[in-house]
Amino acid sequence: MNRILAAALVMAILSFIFALILAWASKKFKIVESSKLVEIVKVLPKQNCGKCGFPNCGAFAKAIIEGKAKYGDCVVGGEEVAEKIKEIMDM
Amino acid sequence: MLNLFAIFFAAVVTENFVFYRFLGLCPFLAMSNKTRTAVGMGIAVTFVLIVSNSITWLLQYFVLDKFGLPFLQYASFILVIASLVQFIEMYMHKYQAALYKAFGIYLPLITTNCVVLGLVLLTILKGYNFLEALIFAIGTGAGYTLALVIMSGIRERLDLADVPEALKGVPLALIITGLLALAFGGFVGMIK
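Residue numbers (our numbering), protein chains in the order written: chain A, -10 to 80; chain B, 27 to 218.
Read the hints as simulated data drawn from the structure, not as lab findings.
Hints are supplied without guarantee of correctness; some may be wrong.
To be verified - So, partial list: chain B residues that the calculated Cβ filter (under 8 Å) puts toward chain A:
#: 1; residue: G94
#: 2; residue: L95
#: 3; residue: Q112
#: 4; residue: M116
#: 5; residue: H119
#: 6; residue: K120
To be verified - Below, in silico cross-link-like pairs of lysine-lysine (BS3-like), each with a Cα-Cα straight-line distance of 30 Å or less:
#: 7; chain 1: B; residue 1: K194; chain 2: A; residue 2: K51
#: 8; chain 1: A; residue 1: K31; chain 2: B; residue 2: K120
#: 9; chain 1: A; residue 1: K35; chain 2: B; residue 2: K194
#: 10; chain 1: A; residue 1: K19; chain 2: A; residue 2: K31
#: 11; chain 1: B; residue 1: K152; chain 2: A; residue 2: K35
#: 12; chain 1: B; residue 1: K127; chain 2: A; residue 2: K51
#: 13; chain 1: B; residue 1: K120; chain 2: A; residue 2: K57
#: 14; chain 1: A; residue 1: K19; chain 2: B; residue 2: K194
#: 15; chain 1: B; residue 1: K127; chain 2: A; residue 2: K57
#: 16; chain 1: B; residue 1: K127; chain 2: A; residue 2: K17
#: 17; chain 1: B; residue 1: K120; chain 2: A; residue 2: K16
#: 18; chain 1: A; residue 1: K59; chain 2: B; residue 2: K120
#: 19; chain 1: A; residue 1: K16; chain 2: B; residue 2: K127
#: 20; chain 1: A; residue 1: K19; chain 2: B; residue 2: K127
#: 21; chain 1: B; residue 1: K120; chain 2: A; residue 2: K25
#: 22; chain 1: A; residue 1: K17; chain 2: B; residue 2: K120
#: 23; chain 1: B; residue 1: K92; chain 2: A; residue 2: K25
By construction, the Cβ of each residue, glycine as well, lies at the ideal position given by its N, Cα and C atoms.
Could you put the whole structure together from the sequences, leaning on the hints where they help?
In structure tokens, the structure reads:
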């Protein structure tokens, strides 16, 4: 009886310790998917033409968030898209 | 000192886990297509081996033996390994995204890689002390990496060769594994 109790206890404590470590790790290594990125990609023309100087619309949206590109750099979208991007960025 | 070197050398060459014990063949075949992923896999496995072997050694001698619970060995060791692999998966997803993608399913499958469980059980079976266990783990990891790198080098060359249709891919890889094991068999007996 004692052994069964000891076995259960040891496994429970071990599991608890590892669960704590993993819980901490899942917070520490959380991947933050920027919601603004998704929003900006939505308003872009999504033609991946590359006229903005970036390989595709996703890269362009990322560059805007990082401040590496201007709002009006999307040639195909023009004024209209620039306004929408500005709105998203000002949110 | 000589004893430690003997353990290391045995784990890397004479008793290589892949070519001598034939453990961990599934990830060995799956991850040896490119040298880059092979090295990444080797490092990941080595890390898991070192940390899990240290933890399970402490667990065995300070918890299981103390409370007279040797039957918990397998269950508790697998718990340690599974948690560790999960931890590494989270870390790699965050900081090594490219390698994470290249690994795919084989990263979580390190959990069931028999090299890991084989190592921790063998360490207890052979009655190593902590330092010896550490060297054994490092040697095993190095041996596994060595096996992966040798294999990936050969397979990268084979991509350019004219291979009969029936032998393409895994069949040829298995034949090569057997030939490499024969070659490594030449080392057996170097260390008593």
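Tested hints:
1. G94: Check passed: Cβ of G94/B comes within 7 Å of chain A, closer than 8 Å.
2. L95: holds (5 Å)
3. Q112: holds (6 Å)
4. M116: holds (4 Å)
5. H119: At about 7 Å, which falls below the 8 Å cut-off, the nearest Cβ of chain A leaves the hint on H119/B intact, so it holds.
6. K120: For K120/B, the interface hint holds, since the closest Cβ of chain A sits about 4 Å away, which is under 8 Å.
7. K194/B to K51/A: Judged against 30 Å, a Cα distance of about 42 Å means the pair is violated.
8. K31/A to K120/B: Satisfied, since the Cα-Cα distance of roughly 25 Å is no more than 30 Å.
9. K35/A to K194/B: Outside the cut-off at roughly 40 Å; violated.
10. K19/A to K31/A: Distance ~24 Å between K19/A and K31/A Cα, so the pair holds.
11. K152/B to K35/A: Violated. K152/B to K35/A sits at ~62 Å, over the 30 Å cutoff.
12. K127/B to K51/A: holds (20 Å)
13. K120/B to K57/A: Given pair K120/B, K57/A holds - Cα atoms ~23 Å apart, limit 30 Å.
14. K19/A to K194/B: At roughly 41 Å apart (the allowed maximum being 30 Å), K194/B and K19/A break the hint.
15. K127/B to K57/A: holds (27 Å)
16. K127/B to K17/A: holds (20 Å)
17. K120/B to K16/A: holds (11 Å)
18. K59/A to K120/B: Holds: K59/A and K120/B sit about 28 Å apart, inside 30 Å.
19. K16/A to K127/B: Given pair K16/A, K127/B holds - Cα atoms ~21 Å apart, limit 30 Å.
20. K19/A to K127/B: With Cα atoms ~17 Å apart, K19/A and K127/B stay inside 30 Å; holds.
21. K120/B to K25/A: Holds, at roughly 20 Å.
22. K17/A to K120/B: OK: K17/A and K120/B at ~9 Å, within 30 Å.
23. K92/B to K25/A: Distance ~55 Å between K92/B and K25/A Cα, so the pair is violated.
Hint check: violations occur at hints 7, 9, 11, 14 and 23; the rest are consistent with the structure.
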